[in-house]
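Undergrad: If you want the building blocks of each chain, they are given just below.
There are 2 protein chains.
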Amino acid sequence: MDTRHVVIGIDIGGTTTAIGFVDREGVVLAKATLPTQGFEPAEALVLRVCDAVFQLQQDLPQGFRLQGIGIGVPNANHAKGTVENPVNLPGWSGSSDLTGLVRRHFELPVAVTNDANAAAVGELLFGGARGLRDFIVITLGTGLGSGIVVNGELVYGADGSAGELGHTVVDPDGRQCGCGKLGCLETYASASGICRTVGALLAERRDPSPLREVSAAALSSKQVSEAALAGDRIALAAFDRTGRILGMKLADAVAHTSPSAIFLFGGLANAGELILAPTRRYLEHFLFHAYRGTVQVLPSSIDQGSAAVLGAAALIWNELD
Amino acid sequence: MDTRHVVIGIDIGGTTTAIGFVDREGVVLAKATLPTQGFEPAEALVLRVCDAVFQLQQDLPQGFRLQGIGIGVPNANHAKGTVENPVNLPGWSGSSDLTGLVRRHFELPVAVTNDANAAAVGELLFGGARGLRDFIVITLGTGLGSGIVVNGELVYGADGSAGELGHTVVDPDGRQCGCGKLGCLETYASASGICRTVGALLAERRDPSPLREVSAAALSSKQVSEAALAGDRIALAAFDRTGRILGMKLADAVAHTSPSAIFLFGGLANAGELILAPTRRYLEHFLFHAYRGTVQVLPSSIDQGSAAVLGAAALIWNELD
Numbered sequence: 001m002d003t004r005h006v007v008i009g010i011d012i013g014g015t016t017t018a019i020g021f022v023d024r025e026g027v028v029l030a031k032a033t034l035p036t037q038g039f040e041p042a043e044a045l046v047l048r049v050c051d052a053v054f055q056l057q058q059d060l061p062q063g064f065r066l067q068g069i070g071i072g073v074p075n076a077n078h079a080k081g082t083v084e085n086p087v088n089l090p091g092w093s094g095s096s097d098l099t100g101l102v103r104r105h106f107e108l109p110v111a112v113t114n115d116a117n118a119a120a121v122g123e124l125l126f127g128g129a130r131g132l133r134d135f136i137v138i139t140l141g142t143g144l145g146s147g148i149v150v151n152g153e154l155v156y157g158a159d160g161s162a163g164e165l166g167h168t169v170v171d172p173d174g175r176q177c178g179c180g181k182l183g184c185l186e187t188y189a190s191a192s193g194i195c196r197t198v199g200a201l202l203a204e205r206r207d208p209s210p211l212r213e214v215s216a217a218a219l220s221s222k223q224v225s226e227a228a229l230a231g232d233r234i235a236l237a238a239f240d241r242t243g244r245i246l247g248m249k250l251a252d253a254v255a256h257t258s259p260s261a262i263f264l265f266g267g268l269a270n271a272g273e274l275i276l277a278p279t280r281r282y283l284e285h286f287l288f289h290a291y292r293g294t295v296q297v298l299p300s301s302i303d304q305g306s307a308a309v310l311g312a313a314a315l316i317w318n319e320l321d
Numbered sequence: 001m002d003t004r005h006v007v008i009g010i011d012i013g014g015t016t017t018a019i020g021f022v023d024r025e026g027v028v029l030a031k032a033t034l035p036t037q038g039f040e041p042a043e044a045l046v047l048r049v050c051d052a053v054f055q056l057q058q059d060l061p062q063g064f065r066l067q068g069i070g071i072g073v074p075n076a077n078h079a080k081g082t083v084e085n086p087v088n089l090p091g092w093s094g095s096s097d098l099t100g101l102v103r104r105h106f107e108l109p110v111a112v113t114n115d116a117n118a119a120a121v122g123e124l125l126f127g128g129a130r131g132l133r134d135f136i137v138i139t140l141g142t143g144l145g146s147g148i149v150v151n152g153e154l155v156y157g158a159d160g161s162a163g164e165l166g167h168t169v170v171d172p173d174g175r176q177c178g179c180g181k182l183g184c185l186e187t188y189a190s191a192s193g194i195c196r197t198v199g200a201l202l203a204e205r206r207d208p209s210p211l212r213e214v215s216a217a218a219l220s221s222k223q224v225s226e227a228a229l230a231g232d233r234i235a236l237a238a239f240d241r242t243g244r245i246l247g248m249k250l251a252d253a254v255a256h257t258s259p260s261a262i263f264l265f266g267g268l269a270n271a272g273e274l275i276l277a278p279t280r281r282y283l284e285h286f287l288f289h290a291y292r293g294t295v296q297v298l299p300s301s302i303d304q305g306s307a308a309v310l311g312a313a314a315l316i317w318n319e320l321d
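Respectively, the protein sequence lines represent chains A and B.
Residue 203 in my numbering sits at position 203 of the first sequence; the count goes up by one each step and never skips.
Residue 44 in my numbering sits at position 44 of the second sequence; the count goes up by one each step and never skips.
Looking at chain A on its own, in the form it has when it is part of the complex:
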């Protein structure tokens, strides 16, 4: 009987937790999802996750061997193996020793990091960054996450939580951010950010637009994309303005680590060329001359449905390698 080596990738999100058994080639052999209950403590979620893992094992073909567990979760500290005050998991107050909790159930290597770092390792092992030494992955969801790879390795930094480009400053007197600061990049360049920009544009301009019929609370970035594809001026201007700010701050990022590629991933990145084209144009405009023509802006090539689990699995594969 063949022994197939597999790992477990776990993505803990604010509403859903996804679990998958993943081999070294990035094939998802079995997967499951369970609802994340926000006010549940970490111990209780880990217990439910372990139950789900044991159940999933029944579905696997015989002869596999479990090598480790990778976990993507917001506000993770890779160095400590902890999760620190996650805003969208209010039951996990303070610092939760996630690695320790999981290792009560499995005597296996466990690694945790945030979802954007996991996405970067996923891109490195299974996606468009295979073979690249220096690149950045930007996740454009409700917020903006980032994972920075330098010299083939994810940057964790001195405190274990490097790569928070969503909280670099666009304008020190700018939009209120959920983090308590003003003018953070993610208040402009994210699924929620582009909706805020639509609101600002509707206030500034007189162009007729179907977006005037949608409340701020109801507006989604998908609606903005659809309006832009239909030629709506407000929506097109919102993509241009979003690409300008994102391009400007990515030019800053290039001046730090000089990546050969930047991959865009997640909700807003699904708008494709609507967001990629202005981001590329403004990035090039704002780049220091030494870097012009050296950086590609690309869509992630990881299937979005499995990406979170693949990223978490890639994290532990990468450490086992």
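No lab work stands behind these hints, which were simulated from the structure alone.
Be a bit skeptical, because a hint or two may be false.
Unchecked claim - These stretches of chain A come out as covered by chain B in the derived footprint (C-beta under 8 Å, 3 or more residues): (1) 170 to 182; (2) 256 to 269; (3) 287 to 293.
As the list claims (entries may be wrong) - Straight-line alpha carbon distances no greater than 25 Å define the calculated SDA-like cross-link-like pairs of lysine to any residue that follow: (4) Lys80(B) - Arg292(A); (5) Lys80(B) - Asn151(A); (6) Lys80(A) - Glu43(A); (7) Lys80(A) - Arg133(B).
Cβ coordinates follow ideal geometry from the N, Cα and C atoms, glycine included.
Got chain A; can you put chain B on it based on the hints?
TA: Only chain B this time, still in chain A's reference frame:
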């Protein structure tokens, strides 16, 4: 007879080139300087440098063994060993193969990088960063240079010239930069930047100040420091404004690589607490909460007179190690 291992550190500046024989502990055994002639081609300067090296060798005690040559020079590309269009060396048009030129005269390992990267390696081997894995060195001279160390290694990036924080954007409609862009950090946070800020403050405010008697062309950052120490309000406000912008952009830098320390070096850093105190205060203000309290802002501990040569020597020692 003892064999002492030494390297040659060479710093090529716009007006002066400094050369030193440096051992593994950072002791400068012999040194010399020669004028850099701006319109001289690279070949001619290298020839004069080699003559000076051969002369210096006469002064050395017997029994040393030369291991390699490190060179700090503006616009260097470490990966290629070249210097690309240096603004302050107009005789070196296009791309100069500096490594190749030096290796015509010495069969030794040669490494080149820009002066700020060399300063970072100098801090790592011989200065306050000994034992640190993640830190940044900022040089505040006429411009603003930076060297970023991640996981104990200098970040060169995909194109070999990472770490140009002086050209990150403070304000896309801001001050004209020598690089052709607008609002680059070095137009605010540098010896020349603080002088420009004094000019702006004199225009905005009515405070009496001895700085009103100095022309923009004649003003130096040293004069601004002296005025600030004497309690001049314009000069104090200039340090506060400079520290605010530097602190804000260093908070961005922390969000990239999460260093445990940032070292300030060079002309403006000599102002000591005048620049360190506001930079620390505003850095902490602009930091994303996960990083607060994790980053020290420190003066470089390398002797400024030897720093450039020590940095260049550290570069090659680091690669030989």
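Undergrad: Confirm or reject each hint.
TA: Now the hints, each set against the structure:
Using a Cβ-Cβ cut-off of 8 Å, 4 residues of the stretch 170 to 182 of chain A lie near chain B, which meets the minimum of three, so the contact claim holds. Under a criterion of three residues with beta carbons nearer than 8 Å to beta carbons of chain B, the stated coverage of the stretch 256 to 269 of chain A is upheld, 5 such residues being counted. Look at the stretch 287 to 293 of chain A against chain B: 4 of its residues bring a Cβ nearer than 8 Å to a Cβ of that chain, three or more, so the hint holds. About 17 Å separates the Cα atoms of Lys80(B) and Arg292(A), which keeps this hinted pair within 25 Å; it holds.
For the proposed pair Lys80(B) and Asn151(A), the alpha carbon gap of about 16 Å is at most 25 Å, so the pair holds. A threshold of 25 Å between alpha carbons decides the hint, and for Lys80(A) with Glu43(A) the separation of about 17 Å falls inside it, so the pair holds. Simply put, Lys80(A) and Arg133(B) have alpha-carbon atoms about 16 Å apart, close enough for the 25 Å limit, and the pair holds.
In summary, the structure agrees with every hint in the numbered list given earlier.
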